[in-house]
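Novice: Protein chains in written order, with our numbering: chain F, 15 to 470; chain D, 15 to 470; chain U, 15 to 470; chain L, 15 to 470.
What the hints contain is simulated information worked out from the structure, not anything from laboratory work.
Be careful, since some hints might not be right.
Copies of the same chain look alike in the list, so a pair counts if it fits in one copy or across any two.
[Said to hold, decoys possible] Below 30 Å or equal to it, Euclidean Cα-Cα: the simulated DSSO-like pairs (lysine-lysine) are:
| hint | residue 1 | residue 2 |
| --- | --- | --- |
| 1 | Lys162 | Lys219 |
| 2 | Lys329 | Lys360 |
| 3 | Lys461 | Lys18 |
| 4 | Lys360 | Lys108 |
| 5 | Lys56 | Lys360 |
| 6 | Lys219 | Lys56 |
| 7 | Lys470 | Lys390 |
| 8 | Lys461 | Lys108 |
| 9 | Lys441 | Lys390 |
| 10 | Lys390 | Lys422 |
| 11 | Lys162 | Lys359 |
There are 4 protein chains.
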Amino acid sequence: MNVKTKDTCTIAARGNMTLLSLEEVNKMMELGRGSIHELFRKCCLAVLNHDAQDDDAMAVLNRYPDFEVKLIPRERGIHLELINAPSQAFVDGKIISGIRDSIFSVLRDIIFQTTEQNTGKYDLQDSFGLTNYVFQILRQGDVHQYGKEPNLAVCWGGHSINRVEYQYTKDVGYHLGLRGIDICTGCGTGAMKGPMKGASVGHAKQRIFDGRYIGLTEPGIIAAEAPNPIVNKLVILPDIEKRLEAFVRLGHGIIVFPGGAGTAEEILYLIGILAHPNNRDVPFPFIMTGPKESAEYFEQIDQFIRFALGDEAAKFYEIIIDDPEQVAMKMTQGIERVREYRAEKKVSYYFNWGLHIEESFQHPFIPTHENMSGLKLFADRPLNELAADLRRAFSGIVAGNVKEFGRKQVEEHGVYQISGDTALMEKLDALLLSFIEQQRMKLPGSKYEPVFEVVK
Amino acid sequence: MNVKTKDTCTIAARGNMTLLSLEEVNKMMELGRGSIHELFRKCCLAVLNHDAQDDDAMAVLNRYPDFEVKLIPRERGIHLELINAPSQAFVDGKIISGIRDSIFSVLRDIIFQTTEQNTGKYDLQDSFGLTNYVFQILRQGDVHQYGKEPNLAVCWGGHSINRVEYQYTKDVGYHLGLRGIDICTGCGTGAMKGPMKGASVGHAKQRIFDGRYIGLTEPGIIAAEAPNPIVNKLVILPDIEKRLEAFVRLGHGIIVFPGGAGTAEEILYLIGILAHPNNRDVPFPFIMTGPKESAEYFEQIDQFIRFALGDEAAKFYEIIIDDPEQVAMKMTQGIERVREYRAEKKVSYYFNWGLHIEESFQHPFIPTHENMSGLKLFADRPLNELAADLRRAFSGIVAGNVKEFGRKQVEEHGVYQISGDTALMEKLDALLLSFIEQQRMKLPGSKYEPVFEVVK
Amino acid sequence: MNVKTKDTCTIAARGNMTLLSLEEVNKMMELGRGSIHELFRKCCLAVLNHDAQDDDAMAVLNRYPDFEVKLIPRERGIHLELINAPSQAFVDGKIISGIRDSIFSVLRDIIFQTTEQNTGKYDLQDSFGLTNYVFQILRQGDVHQYGKEPNLAVCWGGHSINRVEYQYTKDVGYHLGLRGIDICTGCGTGAMKGPMKGASVGHAKQRIFDGRYIGLTEPGIIAAEAPNPIVNKLVILPDIEKRLEAFVRLGHGIIVFPGGAGTAEEILYLIGILAHPNNRDVPFPFIMTGPKESAEYFEQIDQFIRFALGDEAAKFYEIIIDDPEQVAMKMTQGIERVREYRAEKKVSYYFNWGLHIEESFQHPFIPTHENMSGLKLFADRPLNELAADLRRAFSGIVAGNVKEFGRKQVEEHGVYQISGDTALMEKLDALLLSFIEQQRMKLPGSKYEPVFEVVK
Amino acid sequence: MNVKTKDTCTIAARGNMTLLSLEEVNKMMELGRGSIHELFRKCCLAVLNHDAQDDDAMAVLNRYPDFEVKLIPRERGIHLELINAPSQAFVDGKIISGIRDSIFSVLRDIIFQTTEQNTGKYDLQDSFGLTNYVFQILRQGDVHQYGKEPNLAVCWGGHSINRVEYQYTKDVGYHLGLRGIDICTGCGTGAMKGPMKGASVGHAKQRIFDGRYIGLTEPGIIAAEAPNPIVNKLVILPDIEKRLEAFVRLGHGIIVFPGGAGTAEEILYLIGILAHPNNRDVPFPFIMTGPKESAEYFEQIDQFIRFALGDEAAKFYEIIIDDPEQVAMKMTQGIERVREYRAEKKVSYYFNWGLHIEESFQHPFIPTHENMSGLKLFADRPLNELAADLRRAFSGIVAGNVKEFGRKQVEEHGVYQISGDTALMEKLDALLLSFIEQQRMKLPGSKYEPVFEVVK
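Next up, chain F with everything else stripped away, as it sits in the complex:
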């Protein structure tokens, strides 16, 4: 394991981080103190640690206890001094440009969020306020391109997938790239990296030089899912709920590859939203796909959804097995319908303001044991309420698996207890066990210790 570090190194900002107000610089300098600094330090470390083969956030952070980052004001903007940084971020003593950019994306987002939340400019208790806030973070993140037609496919799926599945995500990405589609993912490895890698080859073949590889992450997961090197637009949302909202409002369509609890969380989130009556007319291409070896996986997912939420819920997505080109063509056609719809309605191409999202999907869910055991997983609840709670259940499991907060909870209080309808609980347990068996919970090589228990 590479724990070599580089003693010290100063890096200069580029782009819009070079044009700061004195107030902003002062605010950044204050980072030297308090909890925000620790957050910033952790996220920087995650980015610098970009090639690590590891998904245990705490392990990553513990490996470089001496790592430190300091801000230095300079005539052309802010500089950062990195001390004892992981050496893999450097080439012959110089930091890799893409990593420098990502470090400053981290700085930008953390400063912005800290600054804006305090001004009370955004009402984060209010649905519209939350949506507006997500938009502002994305706009700050410079993820939009002026004049571009809708062309952004969000790809979801696990960080821990097997070689065949990984190759398949690359193939789908390649065919999307050939069609000029840009990619947005959760920015880690596995199904988050493959589509970007494939698309970059497709873009190169088509001589597209401004392809976007957008990575949306959150402080809690960035250490476990460090941005892969293809990501050229990195945005850190404050929590998983805002990150999910960013995915569905920014993307023009969504492709789901095989994954574990996190992917299940994403699927339930999207179905819960699309199922809302207000969204019935909004076109939203939603494709689940994988190689033929993964066909069974999607059957399980499909059955679970149909069982838990009804057959109605299954009409929002299409499952395509083992046909990357078909996936790319369907997605391209679906995005064209999105474009037509928005042009006709004269609404924005770059952010889906019109999609209705219930507050129950927007407010942060904190995976304490109390909150987890309080979820009401009963089949007789309204579809969107049950979807919301199922989403939270999977979210808690992800936290227990790889996030710092969740892992500490489990360390202290033992595994989460999830309870509800017996029939539903049995299906849920079976699904989760199959994730474990298929090694979708953790990267291969590490043994998975369950962080939950389904109380049947």
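Dock chains D, U and L against the given chain F, drawing on the hints supplied.
Specialist: Then chains D, U and L, alone, in the frame of chain F:
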């Protein structure tokens, strides 16, 4: 006089006005009502009326009573519908691109200022808050260029200057342009246009394609001093005080050409600031210049300053007569010293945060008759207090000459009364009379009716 | 008069002059010897002397007898050492970028022409060979822009025009520039500079940053008509005949302003070509225009053409007096018809291969006294033959006026003798005398000494 | 096997192919007839067939007997009509941009070579004439970038390498790309593709968007080694000798990966040149490298070279086993020495004019049976003569393996006979047999039939 209008025309935003939040769009749509809309309409009209030979704001506005502008939300940002707009803004039915850009600059600035003031994000009673606000407006206005060395010369001087003087401002601009210097002015005609025109030729000869021609204006004056066509960065500051602060913090040096009351206001503003002890070490190139035919003008100014503020005040500027190349060389050298100073102090190249500006120069002065007659123009006051009040006196006269508010005041209440020390009042009166004689108060052709009376 | 010089200065090539073969470098180094070097030296001097107020080629060249230019091979292409160069080409010791570019354009064209003529690749006795050669020189000169629609207006007219006429050429240029039209001229001052200057303002207003200001010149005239500073594409054709062919095949339409013998030469050249039956269907916008003060001038030209070549010849052009916007609109419409025609015929937008040009218009005419007196100016000759000889007569007069070769001829052998039909001779004499009276032969201030005598 | 084709499709040129002379268009239209057309058709087919898993040129060509390509003149340059083209070159009916570019590179090079050879501009019997010709072809091919420091590494190695070796070539490319090094290869698959693919990831991480992936090929090999999709600069040299000269004069250093007969040819070519006394001082980084599994391969090569050419010959290269980062660092340092040397000598960065190449390495070797058996492979010959003949021997074997001409020779006349010193022949035979055993002669899956016999 051209009062032809174009019935109706829709124009689409470009650049950063294409990426608006729903909240921003809604705020803009509200413009349809209330006082902000009227402000926006007037500023648009001033921009559209770009080739008019007229400096009477009210006359300009009255000539197109049917002009109207409406905002229309669209899939790629906001559109504007112009109704009964001045026809000179169009070529073969299409709006001139530079004018379109300026219109959207107007929209951007007015929206931003309206929005931000209400959030309470900026404390506009506080000196630092005001400075920060000025910076934010300039940053919004995209006037900075990443990576540029200091190279911005602010040129002040009258809109009403004679042909020889106008040619001289072009010559100075040409030699500045040859040296890669960019130009910032008050964005109207005369000494505000000549340096830009000259610099554009110098830039062309040097194959500089990204030369900045920054126009800083304010709602009160834009109708009387419509942005000249060379301006490619237009920013509307809320009032003259913020505009003056923007000039001195953004520019790396200042050149003053002959002018009238407005130019005198600018000179006194700058001397008042540079005279502050905190600014003694701050390098700030400040050159007054004109053709040999204008030598006497600068003698008068120089004498008035020395009489009113003492010989100390005269050491901040250098007067160069009839040598455009010398002016350009001195300014280039002066800016190089600014660069060295800021590099050494490790402070920003793009905004002079370190320049100390007293609050008395920052807070808006409203030229009512009461305020004007309340100015204390006594020679025994401290230099910076007297300079501040003299600045206000000239400011009021400019308002009475060309601004809508001032002209209405004078219409209703008669000419302003200015009083103080007899000796000082005599000098002031003589200076103002010489401005009138030299036709510096109004564009030639129109007879000047004094808007003030010096009570000796 | 500025005869200051800069001792020595080394300038480095940019663009495609940086990528030379060893063979090309060797060929350039050979320039140190023989007649090509002297040609190169003279052309460089003409370019460096860019701001001179002088149209006497010999005087210009004699003023800097010590000027020298040397080639130096370097790792990134060729460098030039300039010794005793006119100081006005430098700013604070550094050469002006645009002048550097022009110097290397001179080098490129002279090398190319010297090299290619020797290979026998082009058959310069053959009409198609000559046309192909002209095309190759223009392509080398990088005057085309990939993907541009037809938009190039050639402007002809005198270098010696009065202030009102000069302003008018600027106004026309401005309205052309507003419509996105690029400008091509003979690259000197007067009517060759005004349209470019006007267009540059129009382009700036429309935010067009890649406007082309193409100057086509020849070694014989470049010293007398040094490229004006707006020219950003300079091409040196070997002689006036190839230069004229370049104008008519490169441009999509032609505007003629008032001028002297050179302008008359151009008009007769164009009419001679358009009158050929093969060109009857080829759309070619051709407008003569000037301010109302110059109305008489065009009447004279029109009458002379009608008398000499018949009313038929007058239908190829349109005369518009005192309406710059109308000129620009008509030219824009005319160019649109050119585009339609070429699109329909599927022929090139960037070079008018299809225009038929008789060899009598292509082969160089050497203005010796023998050749001048041998011209057959008889009214009963076929239109195109007579037009060709009239063109030569005017060409010879231009040479005698401002070109080195012609001036030497006249110095040695006295004024040229021109003879032909009495009636025609009388009209010709009257026209030429009116050019003299109107000071169109030489720049104002210098007295014109006729270089010809019409033998009636 | 994919033999689907697309009925018909018209593609338009871009870039400099849009600005053709009528003469050039006519010349292209003549392509419809005669041998050049067939050459063009074959090369196009090879490019279109870009994803084929096949290295048998004749098989590729035979698979699409109905493929045809026609030239069509258009207003904006030449168009091509493709009939029955391989369908993998298209996405949803539109040709892939990179393939379109490559097709027009083929057209450009074949036209240029046909045109220029006929003019007699280049003396192809003369050493300098040949070098000049190679330079002209590369300059036409637009492979240079103005202002770039030396940064081009040529990578040689087999198209048929195993998975471990392929990954290794990617790793080396990645570390080169991280250091800003561009890549030039023979443009096929295997060791020609891996370094480009790796470098493209390294470039992406460093935010280098203008990385060059130069593919140099020849008509005889292009069908068997179709340009891989990363290639963004494709140049077709007329034969292997000019291609080899292009490699060594264009590249600033050379890396050799494992390969077969072609790689051996390249190694002997380079040693033969570097061994010449005139080149003793010329810095030329030359590294052989592979994964530890391939260590034995380089031992064999090294031993053969030492045996055949002496230990002296071994000092020109360095062998690095299993350390991609070390290879990249050494190459970067070596290229820095090249830069210093050229800067000091003031010679070109972009083409190594100073490298001495004997004519025996420049003139084409035609692998007829007579020529092959005529090679004099005797150990007592001077080093450079023996290297030249050994180079030819390997060249002939490559031809027999994969080129159309060679394969026909072998089909008609049986395997080539190679003879010489017994000891040398034994070593040679052993080396060739090891290539066969290691499956380096042909792509895995196809059985290799030897095309030669070593006569001991």
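Novice: Against each hint, give a clear statement of whether it holds in the structure.
Specialist: Hint by hint, here is what the structure shows:
1. Lys162 - Lys219: Intra 19 Å, inter 24 Å, cutoff 30 Å: intra and inter.
2. Lys329 - Lys360: within (27 Å within a copy, 52 Å between copies)
3. Lys461 - Lys18: Within one copy only: 26 Å inside a chain, 47 Å across chains, cut-off 30 Å.
4. Lys360 - Lys108: between (47 Å within a copy, 23 Å between copies)
5. Lys56 - Lys360: between (42 Å within a copy, 28 Å between copies)
6. Lys219 - Lys56: Result: close only across copies, 21 Å inter versus 37 Å intra.
7. Lys470 - Lys390: Intra 13 Å, inter 86 Å, cutoff 30 Å: intra-copy only.
8. Lys461 - Lys108: neither (36 Å within a copy, 48 Å between copies)
9. Lys441 - Lys390: within (15 Å within a copy, 79 Å between copies)
10. Lys390 - Lys422: within (24 Å within a copy, 69 Å between copies)
11. Lys162 - Lys359: within (18 Å within a copy, 34 Å between copies)
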